[in-house]
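Residue numbering for the sequence shown follows the working numbering, beginning at 272 and increasing consecutively.
Rather than coming from a laboratory, the hints here were simulated on the basis of the structure. Computed from a prediction, not measured in an experiment: that's the story for all the values here. All C-beta atoms in this analysis are idealised placements derived from N, C-alpha and C, irrespective of residue type, glycine included. Certain hints may be false.
As the list claims (entries may be wrong) - 30 Å max Cα-Cα, derived DSS-like pairs, lysine-lysine: (1) Lys553 with Lys566; (2) Lys398 with Lys451; (3) Lys536 with Lys566; (4) Lys317 with Lys398; (5) Lys536 with Lys553; (6) Lys604 with Lys566.
To be verified - Okay, the calculated beta carbon distance ranges per label pair: (7) Arg522 with Met482: 32 to 42 Å; (8) Ser630 with Arg522: 30 to 40 Å; (9) Arg345 with Gly429: 41 to 51 Å; (10) Glu643 with Arg348: 35 to 45 Å; (11) Ala570 with Ala392: 19 to 29 Å; (12) Ala416 with Arg625: 18 to 28 Å; (13) Lys566 with Gly376: 35 to 45 Å; (14) Thr638 with Ala447: 18 to 28 Å; (15) Pro284 with Ala570: 38 to 48 Å; (16) Arg289 with Gly449: 47 to 57 Å.
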Amino acid sequence: MNAETASPAAADPALDQRFMELALSLGRRGLGNTWPNPAVGAVVVKDGAILGRGWTQPGGRPHAETEALKRAGRAARGGTLYVTLEPCSHHGKTPPCVDAIIRAGITRVVTALDDPNPEVAGQGHAKLRERGIAVETGLGAEAAAHQHAGHIRRMHDGRPHVLLKLALSADDKAGAAGRKPVAITGQAARERVFQMRAMNDAILIGIGTVMSDDPALTCRLPGMAGRSPVRVVLDAKLRVPMPSGVVATARETRTWVFGAPEASKLAEEVLRQKNVEVFRVKAADGRIDLGEVLKILAAQGVTRLMVEGGPTVAASFVRADLIDEAALFHAPKPIGPDGTPALEGLPLTALTSRLKRLSTEAVGEDTVEFYERA
272 MNAETASPAA
282 ADPALDQRFM
292 ELALSLGRRG
302 LGNTWPNPAV
312 GAVVVKDGAI
322 LGRGWTQPGG
332 RPHAETEALK
342 RAGRAARGGT
352 LYVTLEPCSH
362 HGKTPPCVDA
372 IIRAGITRVV
382 TALDDPNPEV
392 AGQGHAKLRE
402 RGIAVETGLG
412 AEAAAHQHAG
422 HIRRMHDGRP
432 HVLLKLALSA
442 DDKAGAAGRK
452 PVAITGQAAR
462 ERVFQMRAMN
472 DAILIGIGTV
482 MSDDPALTCR
492 LPGMAGRSPV
502 RVVLDAKLRV
512 PMPSGVVATA
522 RETRTWVFGA
532 PEASKLAEEV
542 LRQKNVEVFR
552 VKAADGRIDL
562 GEVLKILAAQ
572 GVTRLMVEGG
582 PTVAASFVRA
592 DLIDEAALFH
602 APKPIGPDGT
612 PALEGLPLTA
622 LTSRLKRLST
632 EAVGEDTVEF
642 YERA
């Protein structure tokens with residue numbers, strides 16, 4: 272941890288670690304629910320006592336720091352603020368958090384990461400130091416970088432952070448013969464996927480999955496319906512059926528469809544009447560340009576994208592080297608040699624060989640492997 276201003280009091284590394292872990296835990300509450308802003312967590316502490324907790328609220332405002340300071344009230348004066356990302360220093364839709372920190376009389380700020388947003392980018396820390404506030408950075412940086420991966424990717428690369436989820440049989444098949452859908456994993460794994468959806472801003476599939484499975488793509492857990500992500504469908508010809516679940520429920524859960532420039536204007540008008548947002552992007556051989564899709568999603572504020580498409584869409588993302596994380600759910604039973612492969616035209620190793628495996632967990636009768644970009 273780097274300290275450029277002496278701390279007002281001797282810091283206890285163990286307590287610092289504990290309070291930063293709490294801030295990270297609080298920030299996770301907002302994942303999938305704060306975009307376009309990052310899901311930040313903050314804690315106000317004085318004399319070892321927690322005075323206020325905060326996390327970024329739905330839609331990205333209020334920010335975590337102001338929430339924690341509000342809860343701490345006047346008792347915050349002379350205290351320490353732990354926050355998972357550099358406090359903002361610019362006037363946006365809300366006043367700068369650094370101004371609120373200064374007004375509250377905070378004397379020490381511990382942050383995990385500098386904010387890559389060019390409107391902040393060290394300026395928040397600099398302004399605090401100018402006012403004599405001790406600023407320390409880097410505590411919990413690795414965990415914070417993973418938690419803020421969507422925000423970082425959007426700032427650095429102009430696209431969302433992409434998580435690919437696959438459900439695989441014991442022989443690495445994703446469907447029955449003839450591309451027929453089949454239930455592969457059990458209920459526990461499906462509930463885990465619902466939780467993952469809630470932590471992402473958008474979920475993407477191709478028109479093939481709509482036609483064969485007619486999925487709902489929502490968080491079907493008690494009390495979680497409102498945390499369902501935006502549903503994104505790649506549909507070059509705009510042929511998504513009007514009775515399909517993603518269209519029929521577009522007024523309850525946002526649905527965006529990406530079509531080619533030459534696709535039917537009438538189909539677009541009908542979809543818009545159903546409350547479906549339509550975006551036009553270039554396509555080649557009937558396949559949507561994924562790079563353009565991701566740029567548009569980032570421009571709309573999406574920071575974390577979960578890809579749940581079938582073998583064709585999954586393989587397209589692998590070929591384009593756009594997978595940042597993968598969650599592979601493995602079932603114990605095989606489908607057989609005639610089953611549908613997980614990646615159209617590619618071995619599964621085309622994905623796993625370019626990623627680093629992080630962990631394996633049991634989920635009911637199934638297992639899940641987590642990978643990330645090396």
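Results of checking the hints against the structure:
At most 30 Å may separate the alpha-carbon atoms for a hinted pair to count; Lys553 and Lys566 meet this at roughly 12 Å. Our distance criterion of 30 Å between C-alpha atoms is broken by Lys398 and Lys451, whose separation comes to about 59 Å. Between Lys536 and Lys566 the CA atoms are separated by roughly 23 Å; this keeps the pair inside 30 Å, and the hint holds. Restraint check: the Cα-Cα separation between Lys317 and Lys398 comes to about 22 Å, which is no more than 30 Å; the hinted pair holds.
Taking the CA atoms of Lys536 and Lys553, the gap is near 15 Å; set against the 30 Å cutoff, the hint holds. Distance check on the hinted pair: Lys604 and Lys566 sit about 39 Å apart at the alpha-carbon level, beyond 30 Å; violated. The hint said 32 to 42 Å for the Cβ distance between Arg522 and Met482, and at roughly 22 Å that hint is violated. A beta carbon spacing of about 39 Å between Ser630 and Arg522 agrees with the range 30 to 40 Å that was offered as a hint.
Between Arg345 and Gly429 the beta carbons are some 42 Å apart, a value that agrees with the proposed interval 41 to 51 Å. Taking the beta carbon of each, Glu643 and Arg348 are about 41 Å apart, inside 35 to 45 Å as hinted. Between Ala570 and Ala392 the beta carbons are some 20 Å apart, a value that agrees with the proposed interval 19 to 29 Å. A beta carbon spacing of about 20 Å between Ala416 and Arg625 agrees with the range 18 to 28 Å that was offered as a hint.
Restraint check, Lys566 to Gly376: a C-beta distance of roughly 43 Å satisfies the suggested window 35 to 45 Å. The supplied range of 18 to 28 Å is met by Thr638 and Ala447, whose beta-carbon atoms lie about 21 Å from each other. Remark: the range hint 38 to 48 Å for Pro284 to Ala570 is upheld by a beta-carbon distance near 42 Å. Checked against the hint of 47 to 57 Å, the C-beta distance between Arg289 and Gly449 comes to roughly 55 Å, which is consistent with it.
When each numbered hint is compared with the structure, violations occur for hints 2, 6, 7.
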